[in-house]
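Asker: Here's the letter readout for the chains.
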Amino acid sequence: VSKGSDVLDSHERVRFEQLVLPHLDAAFNLARWILRGRADAEDVAQEALLRAFRFFAGFHGGDTRAWLLQIVRNSCYTWLEKNRPMEHSTEFDEQLFPQPDVTPESLAIAGDNRERLSRALESLPARFREVLVLRELEGCSYKEIATITAMPIGTVMSALARARQKLHDTLTQPNSGRNQEARREL
Amino acid sequence: VNCELTNSVLHGYFDGELDAARAADFERHLLSCPQCVAALEVQEASRSSFQRAGLYERAPDSLRRNLERELRAPSPVADISAGVKSPPSPLWFRLAAIAALLLFGFIGWRLFSITSADRSEAEVASAIVDAHLRSLQPGHLEDVISTDQHTVKPWFDGQVDFAPPVRDFANDGFPLQGGRLDVIKGRSVAVLVYARRKHIINVFIWPSTYVDDRLRSGSQLGYNWLGWSNGGMQLFAVSDVSPSDLNTLHELWTN
Chain A
1 VSKGSDVLDS HERVRFEQLV LPHLDAAFNL ARWILRGRAD AEDVAQEALL
51 RAFRFFAGFH GGDTRAWLLQ IVRNSCYTWL EKNRPMEHST EFDEQLFPQP
101 DVTPESLAIA GDNRERLSRA LESLPARFRE VLVLRELEGC SYKEIATITA
151 MPIGTVMSAL ARARQKLHDT LTQPNSGRNQ EARREL
Chain B
187 VNCELTNSVL HGYFDGELDA ARAADFERHL LSCPQCVAAL EVQEASRSSF
237 QRAGLYERAP DSLRRNLERE LRAPSPVADI SAGVKSPPSP LWFRLAAIAA
287 LLLFGFIGWR LFSITSADRS EAEVASAIVD AHLRSLQPGH LEDVISTDQH
337 TVKPWFDGQV DFAPPVRDFA NDGFPLQGGR LDVIKGRSVA VLVYARRKHI
387 INVFIWPSTY VDDRLRSGSQ LGYNWLGWSN GGMQLFAVSD VSPSDLNTLH
437 ELWTN
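Chains as they are written, first to last, in my numbering: chain A, 1 to 186; chain B, 187 to 441.
Take the hints with a grain of salt, since some may be wrong.
Chain B side only, calculated, beta carbon under 10 angstroms to chain A, not exhaustive [unchecked claim]:
id	residue
1	Asn193
2	Val195
3	Ser232
4	Arg233
5	Ser235
6	Phe236
7	Arg238
8	Ala239
9	Arg244
10	Ala245
11	Ser248
12	Glu256
13	Arg258
14	Arg320
15	Gln323
16	Gly325
If you're looking for bench data, these hints aren't it; they were derived computationally from the structure.
Just so you know, even glycine gets a beta-carbon here, dropped at the ideal spot from N, CA and C.
This is chain A alone, in the form it adopts within the complex (with noise of 0.2 angstroms):
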């Protein structure tokens, strides 16, 4: 191997420390929504980055936070279609989407509001989660959120407006979990 390349790695490197690290919280965060879990979202994460890291070459600027988020969104999906197809393949439909234990027993335990809102956050479709957290938590604007979801933009904000509603009748009706139950053994 010669010098000159090494030389190379390493100014690619600083380059990549400097502007993609800044955004390892971005990362970490997107991934742990969409996989609904700190430790995969760790494994997924970095995994992502140093993708991210051999793709870097090729990236000539422009928002380099969209750039990552898009990086580890695929990641995301890719390891829910190996590690949990069910959740993948059904295209998010709830009735088939495994409902994490949103109860009304389990809403009036988890007191506090974070819990509360953690967990209806969790028991939307993953397509719904994304977008309120690349909104919600991350900021992202219509583009961005176009951008990393390779949405078209013209539907960031029809998504955005469903997802707002399903999250507001999850926590306004925390019974929605039983009734869908009961309506399936009909």
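Following the hints, complete the assembly by docking chain B onto the known chain A.
Answerer: Same frame as chain A, but now just chain B:
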């Protein structure tokens, strides 16, 4: 009557994503549509409760460290090309390399089993510091506000499946402020809140069969923590007070 804008343009307006002309149109519409006005209020309220909830989860230190290490390691591409170019090594060399690998693997495995207990403790400590930070957000500190241990203790009945010891040390400079429930690594735990001068100390309590007489301590993000086991319970005190204050609280607790 359902206004169709409630589920479309309203959100663009709410997110500040409409151009000036469309925003002005929507504002004119608001004057005559009470439904959109109400919907906008719901959105404002839910955004502010979303933001107060502190749902944003930052990357753990372990992820940052692992990445920095991986990035500094020689790139795998370079390794492959080096392997192709170098002449094949003699058999004895390769056998020696395998033996060395096995030996290192064994040592690594031994070290791992020794340190994994420490590591899981570090994870718990970091989860607890996170929970401490969350609790300092407005309205998050206490579920039951009382300086009376006989009010706080019964409150936990039916909230957690164990009876946490509740003690007040007001006479020793650590007045009880109240209690709350928290979740640490997926488990519901009881938290007692103490005041120390102008500072807040959170004491996290959960049952544990694991008995360890060692007093464990550390600091993270400028917060000190002290952990001990007592009477079948695991206790962790976290605060921005000095480690010696935490030690005093520990002594009061165990005496």
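Asker: Hints numbered earlier in the text: which of these fail when held up against the supplied structure?
Answerer: As far as the earlier hints go, not one is violated by this structure.
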